Amino acid sequence: MRLLAISGSLRRDSHNTALLRAAAALLPPEVELAIYERLGELPPFNDELVSDRPAAAQHLWDEIDAADGVLISTPEYNSSIPGVLKNALDWMSQPLIESPLRNKPAAVIGASTGMFGAVWSQAETRKVLGAIGARVVDRELPIPTAHEQFDEHGRLSDEDLEAELLVSLNQLIEAVHARAEARRASGETDPALA
Amino acid sequence: MARRRPTAFTHLAPSNGPAVRLDAIVCSTNNLDGVFVCPSPSTQKEHHVSVTTAQDRLAGSWQFNPVHSSADFSVKYLVAKFRGSFEELDATLADGVLSGSAKIASISVKQESLVGHLMAPDFFDAEQYPEISFQSNSIETDGDDVTVEGELTLKGVTKPIHATGTLEGPTEDFMGNTRLGFTLETTIDRTEFGVSWNADLPKGGKALANEVTLVVELEFTKV
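As given, the protein sequences belong to chains A and B, one line each in that order.
Using our numbering, you'd call the opening residue of the first sequence number 65 and step up by one each time.
Using our numbering, you'd call the opening residue of the second sequence number 33 and step up by one each time.
Source of the hints: derived by calculation from the structure; they are not laboratory data.
Keep in mind it's a predicted model, so treat the numbers as computed, not measured.
Take the hints with a grain of salt, since some may be wrong.
Unchecked claim - Computed, partial: chain B to chain A, Cβ under 10 angstroms:
| id | residue |
| --- | --- |
| 1 | F96 |
| 2 | D157 |
| 3 | A158 |
| 4 | P162 |
Where is the CB? At the ideal position from N, CA and C, for every residue including glycine.
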């Protein structure tokens with residue numbers, strides 16, 4: 065199983081990228097998690113360019129298409145989704161009927177240096193993913209005071225938070241299995257749904 | 033000693049007349065031969081319900097005519113009804129049992145860009161639940177008025193529904209074929225089937241109603 069992980073922050077020392085690395089360390093060996101590192105290369109979304117998608121947008125499109133599930137870790141900027149993450153999701157949404165996020169299992173986690181752990185941004189990211197047609201895990205994982213949460217090995221130092229992260233990951237993995245199971249059971253899926 | 037075994041009993045008219053259902057007529061046996069003694073219909077007029085089981089009009093096997101059939105839905109969004117339909121339908125009518133299905137992927141709405149979201153897990157989850165289906169448990173007519181009790185399966189959830197409408201025919205067409213048409217309407221609570229997307233309005237309340245009206249027109253030709 066291959067999961068594509070997207071951090072909503074471009075900072076090199078991003079807490080959300082660190083959270084994705086902590087998540088990768090918790091996954092069973094049969095689950096591969098690849099952290100996407102080229103989000104900053106996407107140009108501003110322009111609907112006129114959808115028919116000839118810029119290479120960076122096409123690259124992310126193909127990576128999501130090839131993945132079995134998507135894990136997004138998002139900070140919260142001005143009480144909402146970081147522009148760079150929303151921009152990427154907008155590129156992935158057009159044309160909607162062909163979006164690689166359609167029916168794709170997806171989970172959202174998030175970290176902030178404040179008290180609330182990017183809960184609003186996570187909720188809005190789930191809403192956006194749902195509107196695009198992803199199979200969104202209905203769960204949030206807020207990591208507050210993120211600058212104090214990681215130990216020297218990059219793991220969450222709070223065992224309870226780490227257990228919560230594991231629940232989110234397991235729900236995403238279960239959603240991937242459930243989708244695969246349903247597709248097997250129904251045999252050929254309708255091309256319009258592919 | 034006499035056995036008394038009260039029971040509700042469906043009293044059938046002579047075979048050349050319509051079937052008539054009488055509600056809650058108490059019949060009993062008062063001898064060991066098991067012969068039922070029922071009050072005659074004339075003495076039970078207050079219990080008489082003018083409903084037929086419609087089996088005479090529906091008898092036999094029928095072929096579905098998709099070109100002359102439709103399945104539409106409407107749901108209030110903000111202040112007015114939003115309408116759509118499912119284009120790919122199938123139905124059977126055999127031995128008085130009506131069943132049918134529609135492909136979710138064949139959904140048609142005026143705004144094409146909505147289709148992707150409607151097929152997504154937020155709404156119908158067409159990948160996992162590709163069809164909406166229905167099967168009748170009973171069909172009763174009163175003149176051309178028809179009442180159908182049955183079960184609707186949507187997004188993997190099966191619930192009883194009660195549909196009303198009209199039954200037209202059997203009527204002979206230009207080719208000598210016998211046709212029959214149903215118009216049926218019911219209202220469901222979409223959230224009971226897990227179709228629960230909504231959006232908050234700025235000043236309170238929700239954008240999309242839970243009640244959805246379903247209307248089907250189904251035409252059949254006698255086999």
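Right, here's what the structure says about each hint:
no.: 1; hint: F96; in the structure: 21 angstroms, violated
no.: 2; hint: D157; in the structure: 8 angstroms, holds
no.: 3; hint: A158; in the structure: 6 angstroms, holds
no.: 4; hint: P162; in the structure: 6 angstroms, holds
Consistency with the previously given hints fails for number 1 only.
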